[in-house]
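J.: Residues 2 to 178 (our numbering) are what the sequence shown spells out, left to right.
Hint data in this document are derived by calculation from the structure and do not stem from the laboratory. You can trust all of the hints, since none of them are fake.
Straight-line Cα separation of at most 16 Å, EDC-like style, residue types lysine to aspartate or glutamate; simulated pairs:
#	residue 1	residue 2
1	Lys97	Asp136
2	Lys87	Glu121
3	Lys33	Glu4
4	Lys19	Asp147
5	Lys87	Asp147
6	Lys19	Glu150
7	Lys87	Glu150
8	Lys33	Asp124
9	Lys128	Glu24
10	Lys97	Asp156
11	Lys128	Asp28
12	Lys131	Glu119
13	Lys19	Asp156
14	Lys87	Glu119
15	Lys131	Glu121
16	Lys87	Asp124
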Amino acid sequence: MAEQLPVIQLGNPSLRQKAAVIENIQDENIQKLIDDLIATVIEANGVGIAAPQVAQSCRLMIVASRPNLRYPNAPQMEPTAMINPKIIAHSTEVVKGWEGCLSIPGIRGLVPRYQAIEIEYTDRNGKLQKQQLTDFVARIFQHEYDHFEGLVFLDRLESSLDIITEQEYQKMIVKNI
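Sequences are here, hints too, so could you generate the full structure?
T.: Pasting the structure below:
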């Protein structure tokens, strides 16, 4: 049975560690972690989560884009577990977009990211997958991938002027979409 896991917050040293490669995808603990991360991201109204955010230092992320209060215009997709993912190519175009993080509640930042990426990852059944991601879903992937490197979205900001509170974001940005 999947359970919601506690999400660690900025300041916890686990968020700043490099995550380990997963060697045995079929390990029952990894399979349970996948289910628990899916339950956690859905319950928290997130669109993605990485294992380091629940203090598990391994290269596993869930990309789970869907419209919600935090991201009303997000595209709908099935939650997808991506194990040991890599960016194998990216666009030259970089776009700035608003990001938040379950580990940094109450704050948003205007973060530059590649507009399009080509990725590969292993799915939960051990199959290698290749995909092209663009726009918002590419942004989710890059945000979660940063967690494997010990980075958070605040590290990517070009200026501290690109920070806004969640309350102001909802008033100024979401209301005007």
